[in-house]
Amino acid sequence: MKIDFRHRQAAHCESGVTSNILRYYGMELSEPLILGIGAGLFFSYMPFIRLHDMPVFSFRPLPGQIFSRVMRRLKIKVKERRFLNKDKSMKALDDLLAKGIPVGNIVGVFHLPYFPREYRFHFNAHNLCVIGKDENRTYTVSDPVSTVLNELSYDELKRVRFAKGTWPPFGKMYWVTSITNASTDIRSAIISGIKLNCRRMLDIPIPFFGVKGIAKLARSMTKWEEKYGSRKAALCLAQLIRMLEEIGTGGAGFRYMYAAFLQEAANILDKPLLRDCSKNMTSIGDLWREFAYEAARKFKQRGNDVLSYNQLSDMLMRIADEEKNFFTGLRKQI
Amino acid sequence: MKKDEVPQDDMYLGTTNCRDIYYAVDEDGNYCEVPSVGWSVKNDALSLTWESISEQAEVIRNEVMEGLKSPLAYHMEMNLMTPALLSSCTGISKRVIRTHMTPEGFSQADRDTLNIYAVTMNITLDELLKV
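The listed protein sequences correspond, in order, to chains A and B. FYI, the numbering for the first sequence is 1255 to 1588, going by the numbering used here. FYI, the numbering for the second sequence is 71 to 201, going by the numbering used here.
Careful: at least some of the hints might be erroneous.
So, partial list: chain A residues that the calculated Cβ filter (under 8 Å) puts toward chain B [stated by the list, open to error]: (1) Y1278; (2) F1369; (3) P1370; (4) Y1408; (5) A1492; (6) R1496.
None of these hints come from the bench; they were simulated from the model. Here the structure is a predicted model, which means the values were calculated and not measured. Note that the Cβ used here is the ideal one computed from N, Cα and C, for glycine as well.
This is chain A alone, in the form it adopts within the complex (with noise of 0.2 Å):
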């Protein structure tokens, strides 16, 4: 059986399944709208965690939470599980199936087929959502960086929902049980969303999360070449450009998708002003793709005038500084 489910693309795993199970559901909201109800603009810069033995980077808060955030703001029910034992985790994702209910799963890529061969790390946070399974045990999948729905047997699926590594996903698999009180108080939804954007950017105490974490990062970068030598720097650096344009952000991490929600927003609240804030977010978004830009001919060694860790350091204190006002700023616009 298959669910009558329309797939649609997104910049982003978890917001575009959220984005497309809503849209099954009847409420027809835009990828930047998740987004923005679910405060997923972050940055953190982990050093204590290792992934492939190098520090982590993240523009987006843990898996999970736009998703989470998204059906308490919209007063929807749902149910998240984990699961010790794969087969158990099988059976209930059938069960779930044969109600006619599209399943958000949390899987690793490593051994996803239908992904690009050169993408597949061992990162478990990607989202995809099933929507069918047939007598051969192949079940159908809607996952948001394909064009189209892709399939997979039953032990690829097991496989990849008990991937591991740093945060192994345990099967994890989410799903709508009721609509009915669902709000269609979408305007309050949005600016609880944006105020908590605010907070979790600017107030968090520690100083590996929100702009402080851009901070951190800059500042700690200068050290690189003398800590990790040369050749482990340039690929610090290139993971953190992967995290920053990876399948997955819609651009500069996140941050043009997040203009685009504000655009969205600045209509749907009527408020003018939020459009100016949107043009801002572009800019940083800007930044950040400059910062890519010359990080990539710091880590490939292109050109005469490569820059030094330095002075990309002082283009992340930029925007570090340029996010801190943004935020400031679309604070006292809510």
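Starting from the structure of chain A, add chain B where the hints point.
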């Protein structure tokens, strides 16, 4: 970023069904979605990462030839696996895995264990035994 500035530098995505979606502004300043096959900056980041992995794998391959490491060490590098990761995938302890990464330890590993390694890394038993 403007709509017509969205990069289309194909290197990895062109032959697949996967695309990047960029949010970019059109002539009237409104945001829209634009599919892209890639950006050279990002392709560089990815290619550098893979270059370094294959360089490292080549070093290990030579060490295997010289009898310093076992083929397991080589295949782990090719699969981006550390002893910790392989241990959590297989349930075999890190200490044992490190032993199996040496030629002496590897020659004493039993067939079942080798099978588990091969299945975990998606290769056949024959492939696991050579580099």
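Hint check, failures only: 1 and 4
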